[in-house]
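Peer 1: Build out the structure end to end from the sequences listed, making use of the hints.
Chains A and B, in that order, are what the protein sequence lines are.
Once you know that position 57 of the first sequence is 57 in the numbering used here, the rest is easy, because the numbers rise by one and skip nothing.
Heads up: take any position in the second sequence, counting from 1, add 112, and you land on the numbering used here.
These aren't lab readings, by the way, just hints derived from the structure by calculation.
Cβ atoms here follow ideal geometry from the backbone N, Cα and C, with glycine treated the same way.
Please note: incorrect hints may appear among the correct ones.
To give a feel for the contact side, a few chain B residues facing chain A, derived at Cβ under 7 Å [unchecked claim]:
(1) 153
(2) 154
(3) 155
(4) 157
(5) 214
(6) 217
(7) 219
Keeping only pairs whose Cα atoms sit at most 30 Å apart, straight-line, the calculated DSS-like set for lysine-lysine is [as the list claims (entries may be wrong)]:
(8) B:190 <-> B:128
(9) B:128 <-> A:42
(10) B:123 <-> A:42
(11) A:42 <-> B:174
(12) A:58 <-> A:42
Label-pair ranges, simulated between beta-carbon atoms [what the hints assert, rightly or not]:
(13) A:16 <-> B:182: 49 to 59 Å
(14) A:28 <-> B:130: 39 to 49 Å
(15) B:193 <-> A:58: 43 to 53 Å
(16) B:126 <-> A:16: 46 to 56 Å
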Amino acid sequence: GENVEQHPSTLSVQEGDSAVIKCTYSDSASNYFPWYKQELGKRPQLIIDIRSNVGEKKDQRIAVTLNKTAKHFSLHITETQPEDSAVYFCAAASGGSYIPTFGRGTSLIVHP
Amino acid sequence: EAGVVQSPRYKIIEKKQPVAFWCNPISGHNTLYWYLQNLGQGPELLIRYENEEAVDDSQLPKDRFSAERLKGVDSTLKIQPAELGDSAVYLCASSPGQGTDTQYFGPGTRLTVL
Numbered sequence: 001g002e003n004v005e006q007h008p009s010t011l012s013v014q015e016g017d018s019a020v021i022k023c024t025y026s027d028s029a030s031n032y033f034p035w036y037k038q039e040l041g042k043r044p045q046l047i048i049d050i051r052s053n054v055g056e057k058k059d060q061r062i063a064v065t066l067n068k069t070a071k072h073f074s075l076h077i078t079e080t081q082p083e084d085s086a087v088y089f090c091a092a093a094s095g096g097s098y099i100p101t102f103g104r105g106t107s108l109i110v111h112p
Numbered sequence: 113e114a115g116v117v118q119s120p121r122y123k124i125i126e127k128k129q130p131v132a133f134w135c136n137p138i139s140g141h142n143t144l145y146w147y148l149q150n151l152g153q154g155p156e157l158l159i160r161y162e163n164e165e166a167v168d169d170s171q172l173p174k175d176r177f178s179a180e181r182l183k184g185v186d187s188t189l190k191i192q193p194a195e196l197g198d199s200a201v202y203l204c205a206s207s208p209g210q211g212t213d214t215q216y217f218g219p220g221t222r223l224t225v226l
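Peer 2: So, in structure tokens, the structure goes:
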């Protein structure tokens, strides 16, 4: 089955800095890669996703890049703000059944 | 539009007791998922429904866990009997249909087994 590794487990940055979270996956058939943000005690919420036919996708301060050859994808957050503090999960899903395998999460802390 | 609804939000029980969780997906969403989330980890799939059919339940511990989605709308996940290791957050999610659809998560039920 799919195996998703996510790094780092904790990331601490100053407000205004950029943050990068990296994930690798094992199943070359995976073709959908969503990223979720989960604030403490709340539900995971999709913040951005990318499909295998695209190398990069941006949405305001958030961007995701995908390297299918190397089987890794990354989340980039620019101009971080304290409200970006949360746990971020990457996931990989393959085929038409969409059963994502999640990474273990990255706790992002943005210091004002 | 209402999101995915789950109840209860919190549940504390003693080991060996039964417990049930309820989920109402977003209206019109055919696919429903139950996930288990342990502290500090990502969600892990327990079971997926397409309408009323369980199409992937390979990760569901069937000796003590059961689930149903009788009319293809809301769903119930049951544990009987509960064990200490079952303490976790149980998340429900739904998506419009098959394929690479966005999943929308409910707030989860935090289960504590004493």
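Peer 1: Does each hint hold? Answer for all of them.
Peer 2: Each hint, compared with the structure:
1. 153: Hint holds; residue 153 of chain B Cβ to chain A Cβ min 5 Å, cut 7 Å.
2. 154: Result: holds, 3 Å to nearest chain A Cβ.
3. 155: Residue 155 of chain B check passes; min Cβ-Cβ to chain A is 5 Å, inside 7 Å.
4. 157: This interface hint holds because 6 Å falls under the 7 Å limit.
5. 214: 6 Å, holds
6. 217: 4 Å, holds
7. 219: 5 Å, holds
8. B:190 <-> B:128: It holds: about 13 Å lies between the C-alpha atoms, which stays within 30 Å.
9. B:128 <-> A:42: 28 Å, holds
10. B:123 <-> A:42: Cα-Cα ~16 Å, so holds.
11. A:42 <-> B:174: The hint holds at about 28 Å.
12. A:58 <-> A:42: 25 Å, holds
13. A:16 <-> B:182: 49 to 59 Å: 52 Å, holds
14. A:28 <-> B:130: 39 to 49 Å: 42 Å, holds
15. B:193 <-> A:58: 43 to 53 Å: 49 Å, holds
16. B:126 <-> A:16: 46 to 56 Å: Distance hint for residue 126 of chain B, residue 16 of chain A holds at roughly 49 Å.
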